Amino acid sequence: MSDVYEALVNIVGKDYASNHREERYFYGRDPGLMTPHEADYAVMPRTTEEVQEIVKLANREKVPIVPKGAGLALTGLVIPLKGGIVIDMKRMDKILEVNESARYVVVEGGVSQGALREYLKEHHPNLRHSVPEAPPITTIAANVVIHGQGRLTNQYGFNSDMVNGLEVVLPTGEICKIGSCSVGPYWFSKGPPLPDLSGLFLGWLGTTGILTKVGLKLYPKKKIKDLEVFVTDKEDLVPDIIFKITHTEMVEDLAIWAQERPLMFRGNYHINIFITADSEDELELKRKMVYDSVQEYVDSKDAGFMTINLDMKRDFMDNPQKSMTAFADVRRGGGFEYAGPIIPMELYPECARKVAELAIKYRVVYGGSGRVIHGGHCMMFSFAYTFNRADLDEMGRARRALHEAAEFVADKGGVLWKPNIDEQKIMMERMDPNTLKLMTDIKKLLDPNGIMNPGNWEAS
Amino acid sequence: MQQQDYISQIHRCFRCGYCKFPTDYSSLNCPTYRRFRFDTYSTGGRLWLIYAWLKGEIEWSEHLAEILYTCTTCKNCTEQCPMKFAPDIVDWIVGARSDMVEKGRIPPRVAHFFEAVYGYGNPLKLLRSDRAAWAKGTKMYTPGDQYLLYVGCLGSYDENGQKMARSLVDVFNAAGVSFGILGSDEECCGNEVYMLGEMGLFQTLVEKNSQKFKELGVKKIITICPHGYNVMKNRYPASGANFEIYHYSQLLNDLIEKDKIKPSRIEAKVTYQDPCFLGRYNNVYEEPRQVLRSIPGLELLEMKRNRADASCCGGGSGNFVMDLLAGSDESPARVRVREAYDTGADTLAVACPSCLTMFTDAVKTEDLDGKLAVKDISQIVRESLPAKKR
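Residue numbers (numbering that gives the first Met the number 0), protein chains in the order written: chain A, 0 to 459; chain B, 0 to 389.
Chain A on its own, in the form it takes in the complex:
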């Protein structure tokens, strides 16, 4: 194995390859609840060609490789379940091109959400991308690989729907371009009118290739943004409220949240309605349409708009919402994880009740939040539980709560998002057998040596 280390040093240089226990330890875990497994090596390539050489080396030596962004999916997707090389992509941090008129950007595979946000703010102030609420060190590539969501998801779909092309190092080492960039210099489409091959890589959790470049759609950045918070204590009303608000097609983002702490929030369901506009007139019109859409609930006294102070408003408008990370310290313990199934809107009330019920059953603190996807076709519902990393018992309870939540949602027909290996099994057990066979065949075809993030999407 020391030959592998020497080979890695030859590829990326001594500073960026490690077989030290400290890197092997750290790159063997994430902040969630999945069982760690040590890496054998950690490596930080700078170029696509270096990634390619690492993949070729892994094939020669039959060593697993796990591509990694910031490792903040929380569901153990970058834990090297069978050891091997963890490839930290964050040195590939160049923003390569912005096409203003076609509204897209091309970034390297390690560019962070934060870096792109700031780059656009400075150089292309009329454009924006869909920034997730995850910390800014998370990467564009990892986010689309897991079908992440962001502030523009209500308007434009999953962040992976916003992909406009890919450069991928295949598990066998070839560099492959996907979309319009495969036939010309432009990155305006990930597939259409060609066959959409991006589906071979998006959602596969790093088991079918390593994204070294991502083309991403950008969207107009409106001059004004505002927020209203609509509150009800009746979870059964939430789907209809969302349906009526989304009918207006006037809102940028819709996020629903319920939590037991601070106590003032307990028992209420808050719908954050983000509105953007280029003028005060436009804002007023949109705001009025939203008001009108939910007036019946105000009249019946079933719901109402909440007065929020400036600090709270600033917190919510922040994107990513920095204060959200502090949920990890509610128990003064540095940990939280969430199961985030994608569900049809009608399942919201049951999920909202279940997240609280499981918190009581397993004696953990919960947060239940949702994000409307693409105008209401579905939503992500987050069963979030916080835990103290120094309390093994509490960690076990939180993990059992999450597992039960996943089983519950899957039984209801939801689809588990960024599933950990246990949740992947839940999905595969319920999957149409021919679908599962197709997935297995594709994976085997692309990765004949089974080196790519092994343990994930593996049918038993």
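Because the hints were derived from the structure by calculation, they are not lab data. All values derive from a computational prediction rather than experimental measurement. Misleading hints may appear alongside valid ones.
[Stated by the list, open to error] Not everything, but these chain B residues come out facing chain A in the computed CB check (under 7 Å):
hint	residue
1	T39
2	W59
3	Q145
[Said to hold, decoys possible] Only pairs whose alpha carbons sit at most 20 Å apart, straight line, appear in this in silico EDC-like list of lysine to aspartate or glutamate:
hint	chain 1	residue 1	chain 2	residue 2
4	B	K268	B	E301
5	B	K54	A	D392
6	B	K54	A	E37
[What the hints assert, rightly or not] A few chain B positions that, by computed beta-carbon distances, are all more than 12 Å from chain A:
hint	residue
7	D38
8	Y119
9	G136
10	R165
11	T203
12	G239
13	I255
14	D368
Here a beta-carbon is modelled for each residue, glycine too, at the ideal position from N, C-alpha and C.
We have chain A already, so just place chain B on it with the hints.
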């Protein structure tokens, strides 16, 4: 911070990574993470490894110690961390270092640092008797002087620091300030010793210095170095050493406001480096800028990362001597001089001898010699004084 405190709290870091950035996310602002890029060298990585070490999940190793000691304690992490424990992060790092010191498991360069301070009263291992060699003609402190000018180790021994000290003495003399120095009786302030976790040696230094100050009847102390300013202002009082502490830039600003210094015109484009121990540690951001702005003809240009977002020079926690972050174009001082040059400035102004020496070296390495001068604020003020006043 008691060691027990950090042991019971350190697991609280989620390692979300906000600590890697400045307030915006346009660049990486943790100097060691930017230099080494493995997550283990970020604050979150470091805290997780310390926790693993405490739990016995990993053994001590030279690599672990190196990861721990490359932290410059610049406090960017504290500034950016969204958690309630943010103010304690540096204390946790110092607590872990203190444990390593007690166990005798520290990198050789750190051990040499302590040996030098213990044996010579300075980390450069230079003779005590030479401490005031720079100070020809400078008055020794005597009871009745308004201020003690505490020169510090770099001001006393380092070539760049000595230039800084001489300039400041000239400016003070020109302004008629009543002050004196300790000369060879001066001892290391102990800021770096504290940050590196040698609490026994630190306490000895506090007691020696405090005793000397008290014997001489010192009431007010001006420090050249923000590191000394920080430790005397914030750590010495816990040992009963209560003096009025000023950083020299504060006094310069006061002298200018009271017309005791009247700078003349200098045509220069200057950008300013906020020292970590002056800015993030003590919230002194404006006085040095006011001094620079008071000089006619001087145009002050800000680097993108400034004030609480200022990027560290890489010299903190003794790295101005040990230089554990050297050897890369991503070494903090090299990154920062490139940023300074990009502002269009011809001069990078500093208010810290550590910054001065780190940037002077970096300018050479970056081939910016002749394009970007590195000067301490007192040097710039001295240049602005009419010749007869110097």
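Violations among the numbered hints, reported as their numbers in ascending order:
Per hint list: 2, 3, 7 violated.
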